[in-house]
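K.L.:
Chain by chain, the residues run as shown.
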Amino acid sequence: MDAIAAFGLTKQYAGRTVLQGMNLQVKPGSAMACAGKEGSGKTTLIRLLCGLCRPTAGDCSVLGLSPAFEMAKLHGVMGAVLETAPLYGAMTLSENLLFFAGLHGMDTNDALERSSFLLHRLDIWEYRDEKAASLPTGVARRASLARALMHSPRVLLMDEAARGLDPDTAEIVRELLRYLVREEGIALLLGTRNMWYAEKVCDNFSLMLDGVLIARGDKEILRKGAGVRFRAALRLAGGEEAPPGFRLQEGLWQKEIDSEKEMPAIISGAVGQGKSLYEAKLLRPPLDEIYRAYLAGGRRREGAYEQPAGPEPKDKPAEGGDGGKEA
Amino acid sequence: MLVPLLLAVVVPVVYFAAISLTPMPPGARVPEGVWALLPEFEGKLEYRQAWIEAFTTLLCPMLFLCVPLLTGAVSSSCAFMTEKEEGTLETLLLSSMEARSVFSAKITCCTLLSVFLSLAAFAAFFLTVTVVDILTGAPFFLRIDWLVTVFLLMPSLSMFSVVFISFIMTRARSTGEAMQTVGYLILPVAALYLVQFTGAFRLHWTVLLAVAAVLAVAAVILYNISAQKFQPEKLFAQQPEDGAP
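Protein chains in written order, with this note's numbering: chain A, 1 to 327; chain B, 1 to 245.
Keep in mind that the hints were calculated from the coordinates and are not lab data. Positions of the beta carbon are idealized from the N, C-alpha and C atoms, including for glycine. One or more of the hints may lead you astray.
[Unchecked claim] Straight-line Cα separation of at most 30 Å, DSSO-like style, residue types lysine-lysine; simulated pairs:
id, chain 1, residue 1, chain 2, residue 2
1, A, K73, B, K229
2, A, K200, A, K275
3, A, K131, B, K44
4, A, K37, B, K84
[What the hints assert, rightly or not] Residues of chain A placed beyond 12 Å of chain B at every Cβ, according to the derived structure:
id, residue
5, Y88
6, H104
7, D129
8, A133
9, S144
10, Y179
11, E183
12, G227
13, A242
14, G272
15, Y278
[To be verified] FRET-style restraints, in silico, Cβ to Cβ:
id, chain 1, residue 1, chain 2, residue 2, range
16, A, F117, B, I221, 42 to 52 Å
17, A, S152, B, G183, 44 to 54 Å
18, B, S174, A, A296, 42 to 52 Å
19, B, L112, A, D218, 50 to 60 Å
20, A, G102, B, S20, 53 to 63 Å
21, B, I225, A, R163, 32 to 42 Å
22, A, A296, B, I221, 53 to 63 Å
23, A, D203, B, E86, 32 to 42 Å
Modelling step: build the complete structure from the supplied sequences, incorporating the hints.
P.N.:
And the structure:
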């Protein structure tokens, strides 16, 4: 059974569609990022899965439970971190965690043990006796995550996990999330604009734009779907000519290649031609580049080479398409 | 706590001080209209005693009933509107409590708080007026109409004001706006007591009993309507900022 499943999920506010026909499956013990620009419907999707709003059309379930009709039961096995759901400012961090643990029916000793684990793991132990209202942004974000994890949920939904976090703190959160996915087997759904962070935390991605899912899959599937290629990069001794097909970019001689299997031939070729090869590496395109390729037409544009008669799309990618999966 | 103290202690004390310290003109007589409102004491009370009796019987209940109205409205505004504004209501609904349980818990706590504060205010009022009654020889004020007011009307009114605020919660835009609506509740109560001075009628304890019953029934009806509306979809109906395309 999928931990999270959505079929044709659509949400309209005052007649305006903010999420259109979203299909999504997240397996237990896996991490999926819904990545996209601001206003792409990520928050709406997470709120729908939390049961905070009801879909205009379509259906969704979390661990087989309907968010709209079994909300309390669902929240017993699911944790959610939303930017709009803070802790009680007048209570200390510890009091907040114990209070919410109590609402989940946790035993006091278990709650103390779990809060201690999470506060240490998230490196906010020293803030435990401070009022939530006075916590710095980064600490408050981690505190919200601790609150959502108090009852050891099997599914975690996070909206903009890295916003307001400095790089060190973001790394701490990333480590915890990876631990939860690997060791505790939770299913993670991350809504984020930060492609770099999504790539660090998740293995699977749903790329969204204007409320529409434009592609889905792991990074390799998405890369192929977007028509983005690997690049072989060589660093040669100063003044040396690069092998044919290479262009100088950012201090390295670079060339697009279809597969990493081409690398040994490129390296041996360069060495065979007597080049002074100091460094050779395979540059994998980051998710951000893949996303931008989708926005620019991506796979369709690449496909247009094979089908010259077909119209070339401009900025809009395949609508509601499961581009990555199809690729 | 200041407003209940003001209404239940300071205002009566100022009134009693004014009545006691004002020189009584020779041959001063209580107006016939006042005697008409206190028929059982006509001719039996002195000038000051009559004014004290009129104040404690006709006006003080109105001041006292403002306490449950205000405390109920303020506590429920904080429990519902402030939490909604600050986002903690959303956090609360992300816990494994049913939305209806959250609603019931809030209504119960606010009503109990309002009743408790009103009883405390009445205790202070009781002490103040009892001392004045003893000092001036005025009749002891705590009779059946006051008992009905304190033990039946006040709890009904507390619950009604709490539920009323929860009822308008989805329409009000801020805590301040929700609190302002308490004016709609105070006006009828004030009118009910003040109209007595026109001589149109005198509030009998049976009328107070009926009002308490009506308020209790209305509170139960509003409670059920509000509980049905206490759903995340209705509470957070606005489009989330990040979800806006």
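K.L.:
Which of the numbered hints are not met once you compare them with the structure shown?
P.N.:
Structure breaks hints 2, 3, 5, 6, 8 and 9.
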